[in-house]
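As you go down the protein sequences, you meet chains A and B in turn.
The numbering of the first sequence is the UniProt record's numbering, which starts it at 1 and goes up by one.
The numbering of the second sequence is the UniProt record's numbering, which starts it at 1 and goes up by one.
Keep in mind the hints are simulated off the structure, nothing from the lab.
Misleading hints may appear alongside valid ones.
Stated by the list, open to error - Some, not all, of what chain A presents toward chain B, calculated at C-beta under 8 angstroms: (1) Asp44; (2) Trp52; (3) Val75; (4) Val77; (5) Leu79; (6) Phe81; (7) Leu87; (8) Leu89; (9) Arg91; (10) Leu93; (11) Asp96; (12) Ala100; (13) Trp104; (14) Pro106.
Please read these numbers as outputs of a predicted model, since none were measured by experiment.
Beta carbons: idealized from backbone N, C-alpha and C, even for Gly.
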Amino acid sequence: MSEETNQASQNSSTEPSYLRSSPISNLDNLRISQQEQDKLTDLDISDVTMGWAYRQTAFSPQRRLTWLSEQLLTVGVALIFCLPITLLLSRSLSGDNVQAVWRWLPVGGVGAIALTTFWTGYRWQAGQRLIILSHLLDEIDRFNEMVAAVEILEELGSTQNSQLNLENKEDVLEALHLTRESLVCGLMTERVMRKHQRLMARRQQMFSNIERNLATLQQLQVNDAASDYGRLLNEAIQIGTSVHHELSRERT
Amino acid sequence: MNHFSVLITLLRDRKTFLEDVRNSVKLETKIASLLISSSFFFAVYGAIIGAYGGGLQIISSAIKLPALYLLTLIICIPTLYFFDILFGSKLDFKQYVTLALTAVSVISVLLFSFAPVVLFFLISVKGYDFFLLLNVLIMAITGGVGIKLFYKGMRDMVSGPEAPEKDMRKKLLQGWVFLYALVGSQLGWTLRPFFGAEGQAFQIFRPEISGNFYAKVLESVATMLGF
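For reference, chain A alone in the conformation it holds in the complex (with noise of 0.2 angstroms):
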């Protein structure tokens, strides 16, 4: 009996701590923040934007709103700048003649839209060169995703007595805790390549953290690949693996 209370005790003790206390409060804390995201990346991180650059994601027909009254208030601000300068120049170039005035306020216009649309050209060519990073947010937006999909099989779990496994309850929380640590580790490199191209001395070390969580990932068997967590733990390894193949990409 005192046999196995220490080995449930030595169990507990040596037990990840997102699955020693209750799983709902460790889903929040398994979830990406927007300002974890920022200070990751050291970028202020959007929907649609990755500091100034655009996220590929930016131009889908689901962001496309987004993009679009961005767009709209770049045009608006430019406005403000242009036509009051256009104004003022051909005023005084003009000699205060009105219709001389009305005559170069077009310019001021197509000025506002020209440069609103040099503006998005260089925010996109920058998103270009951000091409890693913002695949990695979409992954990290697809772990937030299954973090809620998990949240609410709880929920419905503890509501409805389900016969939902706990077993492979915990396979999940480990598959999310692991995912989540690879995509922060990607993060981390991504940001450390990006900011000191030659301080490469910490990627070695994340990348093979990164190798080895694919590989536990991997190892989790996955009991029922048809219900809703042996779906997510599967979208998991997909996602680690996405981590890997982008990363691995980015050290060729």
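Given the structure of chain A, go ahead and fit chain B onto it with the hints provided.
Here is chain B on its own, set in the frame of chain A:
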């Protein structure tokens, strides 16, 4: 990036915001967001004062009012920056721009908060001089608050025992605030009309450039008092 949330952060937690500026945390994003959100609020207020003249004057004032504040800033900020670094400032240009935009954004929000009051007087009182003086008063109050906050922010930034030429830079800042008001009022005079005139055709600008802003305000006061 959500531009308006940056402004809300500034209004709610100015201390943290200024701390971020001091540590150069995401200044580019802050500059873009403050620029966009202040332009929006100025444009709304501009459209309301332009409604006095109606028609094209609404669009014209919605563009001219943000331009008035932001162009004045662009004209004046290099003076502050170069003089300040000459007297030992360690802040960079982006930090100056962010700080100045902070003041302008506060002014824009305060003006926006006065919008219902102006709208009420626009509907209930028909008098050009009254409407002009009311807006001059509102702009003076909001400008005063905004500049005071900018002044305080700059003073906090340069304070500390290690701050070089502190007194000189304080005087420099006071002088710059005066310069900003001077340039702003003259630019406003050049860009007018902002209200338009009742029953008159829309004018994109007033051809007579003679006179100045202060003379016009005194003239309006005199007219209102019956002189």
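Evaluated hints:
no.	hint	in the structure
1	Asp44	holds (4 angstroms)
2	Trp52	holds (6 angstroms)
3	Val75	violated (11 angstroms)
4	Val77	holds (5 angstroms)
5	Leu79	holds (6 angstroms)
6	Phe81	holds (7 angstroms)
7	Leu87	holds (6 angstroms)
8	Leu89	violated (12 angstroms)
9	Arg91	holds (6 angstroms)
10	Leu93	violated (13 angstroms)
11	Asp96	holds (5 angstroms)
12	Ala100	violated (11 angstroms)
13	Trp104	violated (11 angstroms)
14	Pro106	violated (13 angstroms)
Violated hints, listed in ascending order, are 3, 8, 10, 12, 13, 14; each of the other numbered hints is respected by the structure.
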